[in-house]
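Quick note, the sequences are listed as chains P and S, same order. Numbering-wise, my numbering puts 530 at position 530 of the first sequence, and it's gapless, one number per residue. Heads up: take any position in the second sequence, counting from 1, add 1000, and you land on my numbering.
Quick caveat, the hints were computed from the structure, so don't treat them as lab data. Just so you know, these numbers come straight off a predicted model, no measurement behind them. The C-beta atom is built at its ideal place from N, Cα and C for all residues, glycine as well. Mixed in with the good hints there might be a few duds.
[What the hints assert, rightly or not] In silico contact screen, one side only, chain S against chain P (beta carbon under 10 Å); selected entries:
(1) Arg1013
(2) Glu1014
(3) Asp1170
(4) Val1184
(5) Pro1189
(6) Gly1193
[Unchecked claim] Sample of chain P residues with no beta-carbon within 10 Å of chain S, all distances over it, derived:
(7) Leu59
(8) Ala65
(9) Phe160
(10) Pro282
(11) Arg322
(12) Gly402
(13) Ala427
(14) Leu435
(15) Leu444
(16) Leu540
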Amino acid sequence: MTVSSQPEPPVFAASDLCVSYKGAAAERLVVSGVTFQLHAGRILGLAGETGCGKSTAALASTGFALPGMARRTGQALLDGKNLLAEQPGDLRKIWGKDIAYVPQQPSGAFSPVRKVWRQLDEALEAHVRLAPADRLARIEEALASVGMAGIDAWRRRYPFEFSGGQLQRLSLAAAMLCAPRVVIFDEPTTSLDPTTQETVLAQIRQLVARGQLAALYISHDLALLRALCDDIAIMYAGEIVEYGPAADVTTRPRHPYSAALVAAVPTIDSPSIAKALPGEPPDAVVAAGCAFAARCPHAEPRCEEGKVWLVPAGAVQVRCVRAGEELGLASPAGTAARRADAGAAVQRDPVLAARDIVASYGGQEGRVVLNGVSVGVAADEIVALVGESGSGKSTLLRAIAGLHPPAAGELSYRGAALPPRIEARTADARREIQLVFQDAGAALNPRHTVGRSMVRAITCHQPGLTRAGRRARARELLEQVQLSAAVIQAYPSQLSGGQRQRVNLARALAAEPAVLLCDEVTSSLDVSVQAGILSLIARLRRERQLAVIFVTHDLAVVRSLADRVIVMWDGAIIESQPTDALFSNPESPQTRLLLEAASYKSQQAFTSGWTALDTLANEGLPS
Amino acid sequence: MVPPLLRRVLSYREGRFGFALLIVIAFIVIGGPFIAPDSPFATTGIPLSGPSLAHLLGTDELGRDVLSRVLAGGRDVVLLPVAGILGAFLLGGVTGLISGYGGGWPDRVYTAVVNVALSVPALLVVLILVGVGKDSPAVIVTAIALVYAPGIARIVRGAAQAAGRSEYVDVARLRGEGVTSIAVREVLPNVAGTVAVQLALSCTQAVLLLATLDFLGVGAQPPSPSWGLMIADGEQIVVLQPLTLVGPAVALMLLALAFNLLSGALQRAVAERQR
Chain P
1 MTVSSQPEPP
11 VFAASDLCVS
21 YKGAAAERLV
31 VSGVTFQLHA
41 GRILGLAGET
51 GCGKSTAALA
61 STGFALPGMA
71 RRTGQALLDG
81 KNLLAEQPGD
91 LRKIWGKDIA
101 YVPQQPSGAF
111 SPVRKVWRQL
121 DEALEAHVRL
131 APADRLARIE
141 EALASVGMAG
151 IDAWRRRYPF
161 EFSGGQLQRL
171 SLAAAMLCAP
181 RVVIFDEPTT
191 SLDPTTQETV
201 LAQIRQLVAR
211 GQLAALYISH
221 DLALLRALCD
231 DIAIMYAGEI
241 VEYGPAADVT
251 TRPRHPYSAA
261 LVAAVPTIDS
271 PSIAKALPGE
281 PPDAVVAAGC
291 AFAARCPHAE
301 PRCEEGKVWL
311 VPAGAVQVRC
321 VRAGEELGLA
331 SPAGTAARRA
341 DAGAAVQRDP
351 VLAARDIVAS
361 YGGQEGRVVL
371 NGVSVGVAAD
381 EIVALVGESG
391 SGKSTLLRAI
401 AGLHPPAAGE
411 LSYRGAALPP
421 RIEARTADAR
431 REIQLVFQDA
441 GAALNPRHTV
451 GRSMVRAITC
461 HQPGLTRAGR
471 RARARELLEQ
481 VQLSAAVIQA
491 YPSQLSGGQR
501 QRVNLARALA
511 AEPAVLLCDE
521 VTSSLDVSVQ
531 AGILSLIARL
541 RRERQLAVIF
551 VTHDLAVVRS
561 LADRVIVMWD
571 GAIIESQPTD
581 ALFSNPESPQ
591 TRLLLEAASY
601 KSQQAFTSGW
611 TALDTLANEG
621 LPS
Chain S
1001 MVPPLLRRVL
1011 SYREGRFGFA
1021 LLIVIAFIVI
1031 GGPFIAPDSP
1041 FATTGIPLSG
1051 PSLAHLLGTD
1061 ELGRDVLSRV
1071 LAGGRDVVLL
1081 PVAGILGAFL
1091 LGGVTGLISG
1101 YGGGWPDRVY
1111 TAVVNVALSV
1121 PALLVVLILV
1131 GVGKDSPAVI
1141 VTAIALVYAP
1151 GIARIVRGAA
1161 QAAGRSEYVD
1171 VARLRGEGVT
1181 SIAVREVLPN
1191 VAGTVAVQLA
1201 LSCTQAVLLL
1211 ATLDFLGVGA
1221 QPPSPSWGLM
1231 IADGEQIVVL
1241 QPLTLVGPAV
1251 ALMLLALAFN
1261 LLSGALQRAV
1271 AERQR
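Next comes chain P alone, as it looks inside the complex (with noise of 0.2 Å):
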């Protein structure tokens, strides 16, 4: 790790970068006065909850031009040329040369009906002059920088025919390809599972200190962010409201939004429920005054009183008034979540069992997705089912809660036997066994309202309420999930992700469940979402003796929340535990290794710097 306080001078610099998007009446500023520096060999992390300008600032830096802009002002100077000042067919020779981007999703930057390689050849072709056969060894060099020689017969394959991680390393691959020296990566780790997004991290950090690239690395995962990069700067609103190294920006905040997101981030190492940050952030910059105010707890009237300007404080700059002023934001307290007598692993007759559970997919000779598995649930208690994308968790969700009948196996719930098929089950069963989806989006409706679906649920449970009575419980639920009534009216596609979980949830609610079934409910979420959506959880399983099956690959998240754990391993249950005596005392291998590859988020990781990344850049984890 390069700790210099005097760096040289930068290789690419942002200043006073302001986007704006057409509106209906007027434009809308959604990018202003945004000014950051990209150094050789450090990463600058860009962090803020979703809509907060990150992408739109990185993407407007390299001059291009995004859809639906109305206007660009400010500098981006690579090598002393303006890019915002050059014509398109200039920039388009340093694109992908000079500059190169890697995209959220891997599958969206190749073209489906191309050959992989060929479309690497492509871009290599497009800017450097080499022969083919020169141009295949660069490819397979750049191949390998990412780990992936040797693939068998990649060269024929289409990028359907590599798996998600493959594809996000080929995509790397493909931006290394003509030796950039400035990298900018949207978030190239969120869709993939939690093993192999620690092992394109670790690549990432051997590709930036080797190549000495000078990169941007834009993520909503402040954990990620502490151990990746050398500085984070922080965005509200189209601003950076805190700008610093990494350590102070993650340890010591300044801004109270930084420690609110910080605040956020659950942590292995602490068996607490983070702490969520309600409200939502605006969609433009606010013009006058501070744009986080009405979300601060520390706000206070001259707040709102003129333009806030980033100030230096300290190793940072930050963007508050009261930036000199003590106001204890580096203690993060969260609340206990587990019960009391968690620890002591009580055996209790569990309210819901599964045993010997046997799920396949595509009928007789179909792939077997769970091979005997044996759960049980009992009531106030939350269980975490935990195991790498397609160990099977999600399929046992599914076969318990009634959608995918298992080939062998029986389910009981109150000591009866339930029967497999949702269709034959009793209306009691069905409304007290309640499954909450991944994507939010995909279980609403998008052509019902909030208010038609919640509706539906609460005539199908409740069916003795009158009209009135329906539409009076329906608003009850949505403000027990901290959501207005003005949601009612609204179709799914008008709201955030987090506030699409939280109507699922508010539903699932409707028919007062015993069990609730939660699959990866808050992957896709902001953590400053995800800290509201557990501690809700939390308090329901305190308030009607719920019992939760809470399938996550977030180990930060079980710690935080679960009594008992799950590990599943290709369609088999290794290993059941407490939950601090998993975390303390792992027995399988496997649940090592999961622990492992979380463990570089965890604070112990960050205080040795970049170790765990590095660890597992040079060695591997085995599969």
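On the provided structure of chain P, position chain S as indicated by the hints.
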């Protein structure tokens, strides 16, 4: 309360124009025979005279007023295809919706039947049906319904199958809703856009198909003022009185244009709604 899809259609220029045109045509269809200056069958002027104040579009070879015939002939030309297409939607749309959502072997059988039906030439079927049943309106409506049902069935089935596999359908199953309830409440609103586009497109095709039948002489028989028949008759005297051909041809074109503009606007509205 205007449905959101229609409001969106009306926000496009082609949608507004198509809609306005359709309203004008609907007015002619309903009121045409009453506002027509003369009877469509009566000889009221000198045969083959050009436009005049008494006969705005002139007269045909029998001295009948062309404008009156165009106005009177609209009813069958519009109503029969639209009724036929609605029949096709009842037949193909409802079965397609249920089959697509239900899936399984009945769906495979259904798809096979639809594919066979699609491979039969449409014009042939209509010619045979109309030839056997003469030109009664019921036969023509039935023929159009039968010819267009398979195409509509296939489109609705595909859309229903896609919507039926979504998680909101799983959610509905979890709260204990039955097949019909899910098909109507959850799946139908999600295929309605596709259906509307197809409806407008099929109407154009059916209008033109019917005009073709009349033109070929197997549909409406003289002295009916059907547009297709008028075009066939006008063709022979086009040099002497071009308006006998141009009048009904322009009317037919405007009708097809109205449906086409609407289907275009609907298609755009559905695509934008899905984003």
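query = Can you give the numbers of the hints that this structure goes against, from lowest to highest?
reply = Result: hints 1, 2, 4, 12, 13, 14 and 15 break, sorted rising.
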